[in-house]
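Participant: One-letter residues, chain by chain:
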Amino acid sequence: GAVVSQHPSWVICKSGTSVKIECRSLDFQATTMFWYRQFPKQSLMLMATSNEGSKATYEQGVEKDKFLINHASLTLSTLTVTSAHPEDSSFYICSAPRGEGGWLGYTFGSGTRLTVV
Amino acid sequence: AQSVTQLDSQVPVFEEAPVELRCNYSSSVSVYLFWYVQYPNQGLQLLLKYLSGSTLVKGINGFEAEFNKSQTSFHLRKPSVHISDTAEYFCAVSVNSGNTPLVFGKGTRLSVIA
Chain A
1224 GAVVSQHPSW VICKSGTSVK IECRSLDFQA TTMFWYRQFP KQSLMLMATS NEGSKATYEQ
1284 GVEKDKFLIN HASLTLSTLT VTSAHPEDSS FYICSAPRGE GGWLGYTFGS GTRLTVV
Chain B
21 AQSVTQLDSQ VPVFEEAPVE LRCNYSSSVS VYLFWYVQYP NQGLQLLLKY LSGSTLVKGI
81 NGFEAEFNKS QTSFHLRKPS VHISDTAEYF CAVSVNSGNT PLVFGKGTRL SVIA
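Sequence order for the protein chains is A and B. For the first sequence, the working numbering gives the first residue as 1224, with consecutive numbering after it. For the second sequence, the working numbering gives the first residue as 21, with consecutive numbering after it.
Don't read these hints as lab results, they were simulated from the structure. Heads up, some of the hints might be wrong.
[Unchecked claim] The list that follows gives simulated cross-link-like pairs (lysine-lysine, DSBU-like), each with its CA atoms no further than 30 angstroms apart:
hint : chain 1 : residue 1 : chain 2 : residue 2
1    : B       : K126      : A       : K1289
2    : A       : K1278     : A       : K1243
3    : B       : K78       : A       : K1264
4    : B       : K89       : B       : K78
5    : A       : K1287     : B       : K126
6    : B       : K126      : B       : K78
7    : A       : K1243     : A       : K1289
8    : A       : K1278     : A       : K1237
9    : B       : K126      : A       : K1264
10   : A       : K1243     : B       : K126
11   : B       : K126      : A       : K1278
12   : A       : K1264     : A       : K1237
[Said to hold, decoys possible] Simulated DEER-style distance windows between Cβ atoms:
hint : chain 1 : residue 1 : chain 2 : residue 2 : range
13   : A       : A1225     : B       : S23       : 26 to 34 angstroms
14   : B       : I103      : A       : E1282     : 32 to 40 angstroms
15   : A       : C1236     : B       : S90       : 48 to 56 angstroms
[Unchecked claim] So these bits of chain B aren't anywhere near chain A, every CB distance computed over 10 angstroms:
hint : residue
16   : L27
17   : N44
18   : S48
19   : L76
20   : H95
21   : S100
22   : I103
23   : D105
24   : T106
25   : V132
Glycine residues also receive a C-beta, built at the ideal position from the N, C-alpha and C atoms.
One chain only, chain A, in its complex shape (with noise of 0.2 angstroms):
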């Protein structure tokens, strides 16, 4: 099946450090991929939208400078979290549909559990 290969699975970085978080298409092409931000014992919120070749579309509230969306090829979405701070630990989840409206379905990549010490 559909698989989206999301890493690293974890990772602690200091603050003002970024970090980058890749999600990569397997046996398939994402020409979208949404990114979503999950804090414990919540849902997770769609933080952006991006599309192959084009720039992100970010949710409302959320900082484009802060984390940084490329989509630069079918198989590859990444998303930049720029200087880090505390408040930006959380669990991180990208997400490729398939199919108009997913109805093939939607590929979760395993997620990304970021801390800022």
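Could you slot chain B onto chain A? The hints should help.
Facilitator: Chain B only, in chain A's frame:
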């Protein structure tokens, strides 16, 4: 815009008892409906989805859900739960056109008690 309401944040249930996790949605357009399960520190696993056709959908691990258009509901059920079913369950909806993101409910924590 679409929205999803999961009425119960936590559901404790004894092992081998039946369970129902409730989900209601709101949308002005046709939608697809999904149930996902999440184990601690893991991504989401699809349990089942409703696209069209039969309103009773069967998924993995013995789960099923019934789409009720008049009540805008998509409740998840399992006739007999196991300890291993303890997890967070999310109901989600997408618009059935274009590349639109899933909109998730707040989740229901299912705790199976031995």
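Participant: Hint numbers the structure violates, sorted upward?
Facilitator: none
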